[in-house]
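Enquirer: For the record, the sequence lines run as chains A and B.
Here the numbering used here is used: the first sequence runs in plain steps of one and ends on residue 488.
Here the numbering used here is used: the second sequence runs in plain steps of one and ends on residue 292.
Worth double-checking, as some hints may not be accurate.
[What the hints assert, rightly or not] Only some residues are given here: those of chain A computed to face chain B with a beta carbon under 10 Å:
no.: 1; residue: 362
no.: 2; residue: 363
no.: 3; residue: 370
no.: 4; residue: 371
no.: 5; residue: 372
no.: 6; residue: 384
no.: 7; residue: 425
[Said to hold, decoys possible] Coverage of chain B stretches by chain A, computed from C-beta distances (three or more under 8 Å per stretch; other residues unrestricted):
no.: 8; stretch: 137-144
no.: 9; stretch: 199-205
Simulated from the structure, these hints should not be mistaken for lab results.
None of these values were measured; they are calculated from a predicted model.
Glycine included, each C-beta is placed from N, C-alpha and C at the ideal position.
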Amino acid sequence: MTSLVYASGGVIVGIILAIAYYLTHESTYAFDRKFDFGYRFALQPIKGEFEDLDIDPNATLLTANREGMDELDEKEEGVPFPTIESLAGVAKFGTGSPQASTLSNAIPEETFKDHWKGMKRADRSTKFLLFGFATPEYKDPKMALAWSPDAAFDPNLTPFDLKLKLVQSPAGVKTDPIEIDLRKQKTGRIELPTFVARTDEDRQKGYVFELVATPTMSHNVAVLAGTMRSEWDGTLAYPRFGIVPLIVGTLILTIIAVLIATPFSIGAAVYLSEIAPNRVREWLKPLVELLASVPTVVLGYFGLMLLAPFLGNTLAAAVGLESGRALLTAAIMMAVLLFPTITSFAEDALQAVPQSMRDGGEALGLTAREKLKKIILPAAKGGIISAVILGIARAIGETMIVWILSGGTPFLPSFASPKDAVANLMKPMKGVPDAIAIEMGNVDFEGVHYGHLFLLGLVLFIITLAINTIGQRMAKKVAWRS
Amino acid sequence: MIHTNGSPTATETPVVIDVNGLSVYYSEKQALKGISAKIHDNKVTTLIGPSGCGKSTFLRTLNRMNDRIPGFRIEGDIKISGKNPYGKGTDLLALRRNVGMVFQKPNPFPMTIYENIALGPKMHYGIKGKQLDDAVEQALREAALWEEVKDDYKKKNGLNLSGGQQQRLCIARMLAVRPEIILMDEPCSALDPISTAKVEELIKQLAGDHTLLVVTHNLQQAERISDYTAFFMFGELVEHGHSATIFGEPSHQSTQDYVSGRFG
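Sequences and hints are given; from them, build the entire structure.
Expert: This is the structure in structure tokens:
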């Protein structure tokens, strides 16, 4: 018998360790993360609109971003460096970049308009060269170099120092040295004396710039710092894996749900244990426990059909939002889920208060209300806290209700004004477990996004483990001893 | 079939509890069968008898502790200090103020020693501040617990005391309400011999100005502490009289058998 107890204990500990190991192991794929960046550069006339470089056909994209592409594949065609002939009558400027990173290695035939390279680890530096010239059609003595970050690339989030340097000026042109910090000056333009290429050979004799990316932190630090950011979107061209909004979302949802459920649950538990006649209790308690077995997808569907439209038309409309699928909707249905769980365990805790203690109160002449307030509730405090903590653990791990009702957009609350604070309740959110459930089906197996989802799972595991451990301690500390 | 051999006469202290033909039922089961007894003021009466004989039921019926048990009802007549506790318009609070009770298992409340004791006087007499502090201290002194807890009784949880201390805390809690009648349901059965001796000492001291009814299974204890003894069996009061008579020369064979240890 003893050996059986030890064996089952061993199995449980083994399972916990195995889960922890598995989550940790799969999380390592998150550390294969490559940090990409992308900038567009274009030569432009000195007078003229500051064009959106994303739609400027003459711009060159220098980027360390293309998923699954470490080097430019031979079979893949880069966009060739435009010849003067090809530009005639079409555009007045040309830019291009060689695959080589030093000027001496640059081969004219391998100079392309766009330079795509594989994503980089955070601790490797990268260099790109950029050639620029004007065609003979351009008559102005000055021209401008304009730059801006590629769409969806935020220079604030990159772990590199990004510098643009002038490394070659055309013969006979005197310019001041140019060195621009692209993270400080994200978009901009500088004026240069015009360089006109009259032959194709001339194209590489004009201005040459260098885009240098220097690491600022070690790779693992960069990965972990990336997870501490406030945006989660693994599907962007420059993916963002900040887990903070997901965790904050889950915690806020849990707190609201528990705050809603706990008063009702304790009230119901007190009624069942202390007030209800035995016959009523015998019927009600199993009914409450039956409620706990309603599948959460059913609760979610219920909320979607009834609660979401109602809240959408009332509270959401009042704060100027449209959808009823939001934080509060999910929290209310979550409270419905928690109610039977907390009630049942709290009722057990109240029942466990020994009759002798109640007798003591009775003999002292305490009324039923005083007995409850002064003796029974304090004596059952440990068990009630345990019940609430069990509810918290349940809410943190709950997936379906959040998936169906939360609206699925990562969310950080804002408290700028009282109206904002209320509006937070009706904003869509996304939690940790539902993010894992929704996204896991759409990611590359053992890829970076996959690794980050496991990292999320590991964080969830640690949070619930910590809450349970702290809760057990608290429950033990306040529990009465007989 | 009630014999009151050696029953107290009118020359002794006044009767404070007068029970006449008391029968108690739990649903169909009859737990007490026509009990009649007169309990005298400022004396210790012990109730003895085999388990399930009804002595605890008798004790608990006196201050209406059985009211919540489903199917509980009584027949017959009880007068405590001249009033019927089951009468119409009975002030339950006044009854509990007059009749204190100590239980078999020490049952301190989950709060500090101070709060445990202060609860009763606060509610019954509405006192607070210095007056309340004094009442608590006095109760602790009377229960012989003061010396042991005086340093931390405002901070220490009552549940963190030892078993014997817990029982004395419960006695102090009961004394703080200033009852005239004290019911004790096997107050020493969960205690070690040293704690038991302290509680017995306490009972003797309290007898000076309280009426005590003590249920006990310990016959030596009954003999040591009591002035009167009542022997219960099968829900009937077999014999009730001076302890010396009950333990010396009882008039009933079953009493004789029980006190001499032949059964029970």
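Enquirer: Hint by hint, note whether the structure agrees.
Expert: Do the hints match the structure? See the list:
{"no.": "1", "hint": "362", "in the structure": "4 Å, holds"}
{"no.": "2", "hint": "363", "in the structure": "5 Å, holds"}
{"no.": "3", "hint": "370", "in the structure": "5 Å, holds"}
{"no.": "4", "hint": "371", "in the structure": "3 Å, holds"}
{"no.": "5", "hint": "372", "in the structure": "7 Å, holds"}
{"no.": "6", "hint": "384", "in the structure": "5 Å, holds"}
{"no.": "7", "hint": "425", "in the structure": "45 Å, violated"}
{"no.": "8", "hint": "137-144", "in the structure": "holds (count 3)"}
{"no.": "9", "hint": "199-205", "in the structure": "holds (count 3)"}
Hint check: a violation occurs at hint 7 only; the rest are consistent with the structure.
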